[in-house]
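A.B. asks: Residue numbers (the numbering used here), protein chains in the order written: chain A, 1 to 424; chain Y, 1 to 244.
Be a bit skeptical, because a hint or two may be false.
[To be verified] Selected chain Y positions facing chain A (Cβ under 7 Å, derived; list incomplete):
1) Leu58
2) Arg79
3) Ala82
4) Arg85
5) Phe91
6) Asn97
7) Tyr114
[To be verified] Chain A residues, not near chain Y, derived (Cβ > 10 Å throughout):
8) Val53
9) Ala75
10) Arg327
11) Phe387
12) Arg411
13) Lys416
[To be verified] Pairs of lysine-lysine, DSS-like flavour, derived with a Cα cap of 25 Å:
14) A:Lys77 - A:Lys254
15) A:Lys416 - Y:Lys116
16) A:Lys321 - Y:Lys102
17) A:Lys203 - A:Lys321
The hints are simulated quantities; they were obtained by calculation from the structure and are not laboratory data.
Yeah, the Cβ is synthetic: ideal placement off N, Cα and C, and Gly gets one too.
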Amino acid sequence: MRLSVFDIDNWQEIFSSLKKNKVRTFFTSFGVFWGIFMLVVMMGSGNGLKNGVMDDFGDFATNSFFMWTQQTSMAYKGFNRGRRFNFRNSDIQYVKDNVPEIGLLAPRLQAGGYRGASNVVRGKETGAFNIYGDMPEFFQINPYTIINGRLINSNDVKDVRKVCVIGSSVKDILFKPDEDPLGDYIRIQGVYFKVIGVVKSRKKGGEAERDENSIFLPFTTMQKTFNYGDIVMWFAVTSQDDIPASVAEEKMIKVLKTKHKINPKDDRAIGHFNVEKEFNKMTGLFSGISWLIWVVGAGTLLAGAIGVSNIMLIIVKERTKEIGVKRALGATPMEVVVQIILESVFLTALAGIIGLTIGVAVLTGINYLMVSNNVQLDMFLHPEIDFKTALSALIILIFSGAFAGMIPAYRAIKIKPVEALRDE
Amino acid sequence: MLHMIKLENIHKSYRIGKSGSLHVLKGIDLNVREGELVSIMGSSGSGKSTLLNILGILDNYDKGAYYLNGKLMANLSERKAAFYRNHTLGFVFQSFNLISFKNAMENVALPLYYQKVSRRKRNKLAMEYLDKMGLKEWATHLPSELSGGQKQRLAIARALISKPKVILADEPTGALDSKTSQEVMDLLKEINAGGITMIVVTHEHDIAEQTNRIIHLKDGIVENDVNDSEQKKKVFESLIAEEI
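Working from the sequences, and respecting the hints, build out all of it.
C.D. replies: Structure below.
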């Protein structure tokens with residue numbers, strides 16, 4: 001069989017029949033063009049929304065969860081219900097020993113609040129900030145960008161140093177713009193601490209604002225200085241890389257319930273929040289949006305393909321005589337079919353590639369404008385489509401072109417040469 | 001001598017509406033030897049077009065047998081039919097049936113395209129045939145730029161290029177003035193003299209007169225099959241009578 005795609009006569013016929021009806025060809029291809037264009041722009045916008053929302057998470061470990069104590073709701077082993085209890089320093093090693101599914105374990109303490117009463121002073125400046133007691137592990141779970149200095153390290157914790165890391169907003173409030181805060185002291189709830197680092201959040205919006213109005217002390221320093229004894233307020237935890245957070249979470253709750261003599265059925269005693277679950281919900285939402293876009297886009301594309309099919313039917317009807325002549329001169333039905341399908345695929349593919357190109361150009365343009373004008377939107381970032389999506393759109397196009405040619409081609413070979421040649 | 005065309009009791013009906021049918025050919029027996037120049041005449045409705053379509057394997061028949069060059073043409077697949085049309089037959093039509101967007105050379109070369117002849121080779125051959133028809137300098141022109149006589153000569157070149165055994169001409173001079181008609185007829189006679197069997201469907205007496213043999217169809221059967229001028233005259237007279 002001849003390689004019809006590379007046959008110059010086939011292409012000559014395709015061009016001449018499309019050229020004969022420029023307006024019709026244009027409007028037909030416009031259907032396909034619009035379908036693929038809309039698909040690309042919608043996919044890109046969907047991705048932009050996804051990127052925007054995902055960016056709000058910053059680099060927060062998505063396999064993380066938090067755990068804190070509440071009141072028991074069941075009597076157990078001689079204890080009444082309604083008992084209050086605390087996590088203790090001894091729980092840290094106990095959990096590490098008994099829950100191998102855990103990756104990082106960061107006990108935390110908190111005092112004050114950036115929306116509360118002033119609790120920090122430096123010279124004449126005062127401010128209200130969140131005060132946290134943290135282990136170095138915490139900065140791996142919720143990473144910050146270091147502007148100046150360094151983070152809390154294990155020596156700070158071991159030696160109970162009176163040092164602190166401050167958020168960028170804290171620096172802006174307590175220090176003048178030209179002042180270097182490193183090595184300077186600030187008074188937190190009446191106690192002086194040396195500033196060793198300034199950090200910035202990687203998140204956006206309210207989350208970022210809270211992070212940047214925070215001061216981080218070594219965990220041990222905070223316990224000792226402000227009389228927390230050996231209390232741990234809550235744990236920030238991640239699971240091992242290949243283990244779902246929920247598995248590690250469940251195991252850790254079980255272990256802590258045993259240690260603190262809590263009824264295994266008591267679900268209220270330990271509070272917990274799973275970031276992974278929230279993250280998965282979000283991911284689910286975006287794959288839902290993505291599916292919807294594909295369905296709508298494919299529908300538009302299908303409408304375009306049906307348009308092409310319609311036009312091909314008219315073309316076949318118009319060229320009945322020509323097809324008849326070719327059949328009389330020795331064209332086989334197969335050769336007629338190949339011709340028509342090739343024409344249809346060419347029309348859809350050409351229109352589709354133009355649509356794809358312009359769609360990508362529009363997305364790139366929007367992205368360029370956003371970046372160059374420094375537009376910051378909470379919900380929109382880097383609209384784009386990946387190569388795989390573009391490729392699958394192209395494959396769908398070629399198939400829909402062939403599909404669009406099928407019915408007209410079938411109609412064409414049904415025409416008997418004798419009918420085609422009839423003069424009137 | 002070999003019979004190039006042999007028809008035995010050919011019947012053909014067309015279905016009309018849901019139940020009706022029109023019996024067009026009612027048992028045609030006909031032999032045409034190799035190299036003959038034959039005209040088929042008959043008033044409208046006599047079945048001459050249907051007969052030509054069956055001869056050209058453009059239509060199938062209901063009953064009987066059709067041998068072309070000794071081979072039975074029955075139950076052919078579309079592929080086979082296309083093969084025989086391409087290799088054994090050449091067509092010349094009243095309305096030329098040239099492909100409007102192909103130039104003269106490409107039109108002539110088209111049958112060879114379906115024989116999978118390479119582009120260079122078939123265009124070279126097409127130029128030779130155009131030269132024979134005196135159309136060499138029109139090779140790159142579109143059919144719309146040619147006169148009626150030129151178009152028909154182009155169509156004849158196209159019919160000849162695949163070196164057919166039989167040429168079937170359906171009213172080849174029907175769209176031409178009398179001078180051009182005669183030129184085309186001279187050309188057909190010349191081709192016939194080269195040994196190609198020629199069957200011409202016509203209603204023009206002066207065209208039929210120039211053929212060796214006239215087959216007169218009437219109501220789907222062969223009414224007369226004549227070859228001398230005396231008998232030809234009788235056929236013409238009866239045809240005139242039929243028209244009235």
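A.B. asks: Is the shortest C-beta separation between Ala82 of chain Y and chain A less than 7 Å?
C.D. replies: It holds, given that the least Cβ distance between Ala82 of chain Y and chain A is near 5 Å, below 7 Å.
A.B. asks: Run the distance test for Lys416 of chain A versus Lys116 of chain Y: straight-line Cα separation, threshold 25 Å.
C.D. replies: The given pair, whose Cα atoms are some 23 Å apart, holds under the 25 Å limit.
A.B. asks: Please verify that the nearest CB of chain Y lies beyond 10 Å from Val53 of chain A's CB.
C.D. replies: holds, 55 Å
A.B. asks: Between Lys321 of chain A and Lys102 of chain Y, does the CA-CA distance stay at or below 25 Å?
C.D. replies: Between Lys321 of chain A and Lys102 of chain Y the Cα gap is close to 15 Å, so the pair holds against 25 Å.
A.B. asks: Min Cβ distance, Arg85 of chain Y to chain A: is it shorter than 7 Å?
C.D. replies: Cβ of Arg85 of chain Y sits 5 Å from chain A, so the hint holds.
A.B. asks: Run the C-beta distances from Ala75 of chain A to all of chain Y and say if the shortest one exceeds 10 Å.
C.D. replies: holds, 90 Å
A.B. asks: How about Phe91 of chain Y: closest beta carbon in chain A under 7 Å, or not?
C.D. replies: Phe91 of chain Y check passes; min Cβ-Cβ to chain A is 5 Å, inside 7 Å.
A.B. asks: Should the interface hint for Leu58 of chain Y be scored as holding, given a Cβ-Cβ cut-off of 7 Å against chain A?
C.D. replies: Result: holds, 4 Å to nearest chain A Cβ.
A.B. asks: Measuring Cβ to Cβ, find out whether Lys416 of chain A lies farther than 10 Å from everything in chain Y.
C.D. replies: violated, 7 Å
A.B. asks: Are all beta-carbon distances from Phe387 of chain A to chain Y longer than 10 Å?
C.D. replies: Consistent with the label, Phe387 of chain A stays out of reach of chain Y, its closest Cβ about 38 Å off (over 10 Å).
A.B. asks: Under the criterion of a CB-CB separation shorter than 7 Å, is Arg79 of chain Y in contact with chain A as hinted?
C.D. replies: holds, 5 Å
A.B. asks: Far enough from chain Y: is every CB of that chain over 10 Å from the CB of Arg411 of chain A?
C.D. replies: Its Cβ never comes within 10 Å of chain Y, the nearest being 15 Å, so this holds.
Consistency with the previously given hints fails for numbers 10, 13, 17, ordered from lowest to highest.
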